[in-house]
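Chains as they are written, first to last, in the working numbering: chain A, 1 to 330; chain B, 1 to 294; chain C, 1 to 248; chain D, 1 to 415.
Hints in this document: simulated from the structure, not taken from any laboratory. All C-beta atoms, glycine included, are put in the ideal place defined by N, C-alpha and C. Some clues are possibly wrong.
[Unchecked claim] Here are the simulated distance ranges between beta carbons: (1) B:263 x D:277: 54 to 60 Å; (2) C:150 x B:92: 54 to 60 Å; (3) B:138 x D:277: 25 to 31 Å; (4) A:16 x C:113: 49 to 55 Å; (5) A:180 x C:5: 19 to 25 Å; (6) B:92 x C:147: 14 to 20 Å; (7) B:92 x A:172: 42 to 48 Å; (8) B:161 x D:197: 19 to 25 Å; (9) C:17 x B:135: 34 to 40 Å; (10) A:109 x C:73: 36 to 42 Å; (11) A:308 x B:166: 35 to 41 Å; (12) C:148 x B:70: 49 to 55 Å; (13) D:172 x A:109: 55 to 61 Å.
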Amino acid sequence: MNFNVLNPADWYVWMRNHRMATALLFLLIFPYLMPYEALSINILIFGLFGVGFNLLFGYTGLLSFGHAAFFGVGSYLAGISVVHAGWPWWAAIGCGVVASALVGLLIGYLAIRSRGIYFSMVTLALAQIVYYVFYKAESWTGGENGLRGVKVETIDLLGWSIDFMDPLNKYYVIFVFVALALWFVSRVLNSPFGAVIEAIRENEKRAAACGYDVARAKLLVFVLSAGLCGLAGTLRALHLSIVPIDSLHYLQSGQAVMMCLLGGMGTFFGPFLGAAVFLYLEDVITNLTRYWMGVVGIIFMLFVLFFPKGIWGTVLHRCELWLARKEGAA
Amino acid sequence: MLDISPQLFALQLMTGFALGAVYALLAIGLSLIFGMLTVVNFAHGAFFMVGAFLGVYSLGLTGNFWFSLLLVPLMTGAIGLVCEKFLVRPLYGRGIDYPLLLTFGLSYVMVDVVRFTFGIEGIPSSTPESLRGAVFLGFGHFPLYRLFLILATALIVIALWLFIEKTRYGLIIRAGSRDPEICKVLGIDISRVWLLVFGIGTAIAGLSGMLASPTRAVNPEMGIPILAESFVVTVVGGMGSLPGAVLAGLLVGVVFAMTSLIAPEFAELSIFVLMALVLLWRPQGFFGKAGLMS
Amino acid sequence: MTAPVLLDVRQIARYYGKFRALGEVSVSFRQGELAAIIGPNGAGKSTFFNVISGGVPASSGQVLFKGKDITRIAPHEYARKGIAKSFQITNVFKHLSAHENVRVALQMQATRFQLWKSRDDYPQIKADADALLERVGLASVGRQFAGDLAHGQQRALEIAMALACKPELLLMDEPTAGMSPEETQTMVDLIRQLATERTVILVEHKMKMVMGLCNRLIVLHHGELLAEGNPDEIRSNPEVRRVYLGQH
Amino acid sequence: MSSQLFNKHIGRRSIVLGGAAAAVAPAWMGVARAQNTPIKIGFPVPLTGAFSAEAQDQVKAAEVAVKEFNEKGGFNGRKAELLVRDDKLNPGEAATRTLELIEKDKVDFVVGSLSAATQLSINAVCRDRKIIFNSISQSDAINEAKDWSMYTFHEALNPHLTAGAVARYAFPKYGKKLVYLTADYAYGHEMVRGFQRAGQAMGTQMLADIRFPLGTSDFSAFLPRIQSLKPDVLVMCNFGRDQLNAIKQATDFGLKATTKIISPVLLFTARVAGGADVFDGVVGGTSYYWGMEDKVPAAKAFNDKFRKAYGGAVPSDYGALGYAGVRSVLQAVLDAKSTESMKVSIALRQLRYNWYKGDQFYRKCDHQSVQSVIIVESKSKGMKDKNDVFNVVHIENADEKNLRTCDELGHKVST
C-alpha cells in the first residue's frame, strides 16, 4: 500500500495492522513517560498478567477468579529456585512458568466442566486452596511473611553481564520477556486456533457442531493463559526480590479482571492500558490524598458508564467509525 | 486427639447456626439481585458495612435498638435504590462484567465515604442491654444476642418468603427471569421490579450488617472478607435460589464452626474446599439453574 | 435403485421424567434421500432431530451411521463423521464476520489445534469460504458481522457453515422457520440443489413445502411413527389425514 | 476529625516537598546535590488499611522528630525531610514504594513499616541497596541472621520481649493453666514462643494453643472449646482488629467471669476503637503508653512536644516508635558527621539514647533496640478523658537477657 506520512488514517491503519510493532515501540519509550522505573516495571508485569488473563477472559469468554494462583505460583517457584535451590535467573523463570502451567492444567481440568459464574467460583475456590498450601508451607514460602532474598544482581547470558540492580536495565531486561510473550500471544491470536477460541466465546454449541472439541480447546487456552500469568509472576519475583503471599490472594485475581475490563477485554493491547491506567492512577492519587480508594472507585465507575468497551476498546471503536467515515467521504 | 463432649458439640452447632444466619442473610440479598438482574453485586459487603455503621450510629443517637433495626434497612435500601437507578440501570444488557466492575468501584467509594465520615479506626459497638448475657440451653450457656440473631434471621426469611409467595411482584421474582414477556402478561413495569429487588437486596445486606455489628468490630473494611464468604454461600446454594441461600448459609456456618473445633487453622479454608467439592459434584450448586451466564 | 442405508435409527426413545417425548421409533434413511420428518406440534419431531444429531441423548435404542453406532458420541464427533446440522434457533458466531464464520467451519478439515501458523497461511480455506458464501448467496456481505445480517441471511450462513463440514448427511431443523415467502422460496431451491450431492433430512411442519420438496416423508404423532412413504402415499394415508384434519 | 485533617495535611506537605526536591534534582547532578540538599528519610507506613490509625500517628510523631532536628540547625546546614509513602499494608506495594524512595527520591535512610510482612519486604529492598532501614514494626524475624544486615535496625519491641515481660508479670498473678488463641502466622507463633519460654520457667501448663486464620472476624466458633477447658488465663496471641474481635466475643461469651485475658501487645488505638467495657480488665504489654509520664520524665518531655505540635493530642505506642526511629537515625548522622550508610550504621551501633521511655541501645549482633516493656491494664472506670484508657501496672526495665541470644538468632559473631 502507498503510505502517506501526512495522512493520520494511514498511520492508524499501519498501527492496526502492526499491533506488535506498535506495542513494542510504545513500551520501549514507556519508562520515560512514568514517574519512576519501579512503577513502569510493575505496569509491564501486570500488563503481561492482564494479557495472559485476557486470552482466557476476553478471547475465550471464560471469566476466571483464580488467576492469582498462576501469578503467585510463578512468583513462588521462581523465588524458591533462587532462594532455596540457588538456581540461576533463567532456570528460575523456566521453573516458575512450567509450574504455573501445570497448576493451570490441574485447575483447568477440574473447572472446565462448569459454566458461567460457577466456572468463576470453582477457579476461585481452587485458587484459594493453592493459597493455603503456600501459606502453610512456611519453611519454603515464608508463609504470611512472604519469601525474601530473591536476589538477582546481574543478568549473565553468553558472556554478557547486565547490572540488574540498575532500575532502567531491569526494565529493559523484563521488557524483553514481555515482548517475547506478546509476540507469542499475537501469533496464537492470528493462528487458526485463535479463530477457534473466539468461535467458542461466541457460541459453544455451534463450535462443537463444527467439529471442534470445545473442552480440549478451553483446557489448552487455560494452560497457555496460566503459563503467561506465571511468567508475569516470575518477573515480579525478580523485580521486587520478594514474593508476598498476597500475590496468591483472590484480590490479586480481582485486580487482573479490573485491569482487563478497564483497558478493554478482547483487545490485544487493552490489558496493558488497563494496567497502566490502574496502577498510575493509584500511584499518583495515593500521594495526593489518603482517600485514594474513593477517587479510584469514582474513576472506575465513570469508565464503566462512559467507556463501555474499555479504554482501548472504545478508542479502537471510535477510530474504526472515523476511518469508515473518511472512506465513505473519499 | 481431643475429646468432644456432646454439650460442646451442641454449643458448637449453635455457634455455627449463628454464623450461618449472617451468611444466609447476605446470600439472600446477593442471590435475589443476581437471580433477577444477573448483577453480581460486588458492593454487597460495603452495604453490610454501611448497615453496621448506621446501626451503631443511630443506636448511639436514639438509644433504641428496635427503632434502629427498622431504620437501618430503610436507609441502606434507599442508598441501594439510588445506586440502581443511576449507576446499575444504564448497564443492563451489557453482560455481567460491567455491573461487576461498577459495583466494585462503588464499594471502594462507599468504604472511603465511611472512612471520611466515621473515621478510619472504626467505632465501638456494644450489645443492647436487653439482649446481653447468656442463656442456659440445657447443654451449656449461649450468648442471648446470638440466639436472637438466629431468630431474627428466621423471621426475616419467613417475611421474605411470604412477600415472594403472596404478592404479584413476588411472582415475577419467582419467575426469576428478565424475560419481559411474563411482565407484559402481568402488566408490570419490569424496571420497577428490578429497582425494588435491588432495594430489597441492599436493605437486607444493611440489616444483616446492623444485626452483626454488636458481635464484631465495626470498621470500614469489615465488609471485604464477608463478601467473599457470602459469594461462596450464594454459589453453593445455587445462584438465584433463596432456599439455596438459606440452606448453604447454615451449612457453611456449621462447617466453619466444626472445622474451628477440629482443625482451627483451616476454618477459613474449609468453606472454600466445601465450595470446590459441591461445585465439582454439582456444577450449578444445590438449587441453581445450569449454565447461568454461559 | 436401492442405495445403501446411511442412517439407521433403531427403536430410539426419549423420556423427560415420566413424559415420553419419543417412543421406540425405528426408521432408516438411504444415501441420496431428501427426507422430511413431519407431524403436528408436540409430535416429537424436534426430539427426534435432537436425538439423531446428538442434541439430547436417547433414553434407549441406538442410532447407526454407515453401520457404526453413534448413539453416545460427543457433540463434536458428528461433524468429523460427516454429519452436519443447522439449528432451529439461528446459531452463528455473531461477532465474527460472515466470512470468518465459514472459515472457522472449513478450517476444521485442515487443522484443529494449530497455534503457530497464521490464518493467512491457508489461502485454500479462504478461497473455499468465499466459494461457499457465493453459493448460499452471501458473497456481498462477507465482511459484515454475522450478527448484523438479516434473519434469512443468517440461516443461509448457517447452511454454509454446515456445508463447510463436507457432510454426507445434512440435518436441518425447520430450515424455513420464521422466513418470509420469498426467503422461503430461495431456501427451498437451495435445499433441493444441496440434496443432489448428499443426503438431507429436515424437520418441518409446513406440509405443503415438504410435499413439493421431499421424495420421502416420515410422519410422527405423539412420539410414535405414524406413517412413512413418498408424498403421494402420505397424502392418501387415512391415518395421516385423520391426524392432520383433527388438527384443523 | 480535625486532628485527622491536620496530620493528613502534614503528610501531604512533606510528600509534595519530596516530589519537588526530586524534580529539581535529577540523578545526573548527584555530585552537586550532596552539600545543600536535605537529608531525606523515606517513611513507608500503611496509611490505608486496617492499621491506618496507627500509621497516621507514626507520621505525626516522626514529623515531630524531624522538626526538632531542623530547629536545632540540622546537620551542618542540611535540614531533614520526611518522605511519607503509603505501603497499604501490602508487602508488594511496600517494596515498590521503597524502590521509588531509593531510586527516584534518592532517600538517605528508610524508617517505618508496621506489619511484619511489609517490614521484611522493605528490609529486603534496602539491604540489597545498602540503605539503612530502621524498622518500627514488631516482629522477631527481622533480627534473625538470614534477613539481617549491617543496614538493618529494629527500633520496635519484638514479640519475644513483650510476651516474656507480660508472662513474667501475669502468670504468677493470675494462674498457670493457659489457653493460647493464636493468629496463625509467624508473628502469632513468635508470641506463643515468647510466653512459653517465660512460662516454662514457672511451670505453667498449656491446655491448648488454638490457631485461627489471620483476619478472622468471628471467633465465636473457637470460644465454646475454650470455655470447656476452663483456663486461668486466656492468652491472646493476636493483634489489632483480630484481637479486638476476639476479646469482644470472649466477653460476650462471659469468659471474663472465670478467666483472665492477657495479650503481649495491647494497642492504644485498638482500645480506643473497641471501647472501655470490651477491654475492661485486659492486661497486656506495650512499648509505650503516654500515661507513664508521671513515672518516666522522658515520656513527659515527649508527650509535651507532641501535645504542643498537635493541639493537646497524646501520642500512641506506634507514634512513639515513629518518633524514636527517626530521631535515632538523625542523631547517628550527627555522631557520624556523615549521611553515608556504613558510617551512620556504626554510629547507631554505638548509640546510647533515652528519647521517650528510658535508656535504650541497639544490641550489637542483631541491632535490636534493647528497651523497657510497659505492662498496662485496661480500665473502664474513673477515666479522666478518652485517652485515659490504661493503668500502668508494671514496667520491666531494659535487659539484654530478656532477648533471644545472638547465637539462637543465627548470628555467628556476637560482639
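What are the numbers of the hints the structure violates, in ascending order? As far as the earlier hints go, 1, 2, 4, 5, 8, 9 and 10 are violated by this structure, in ascending order.
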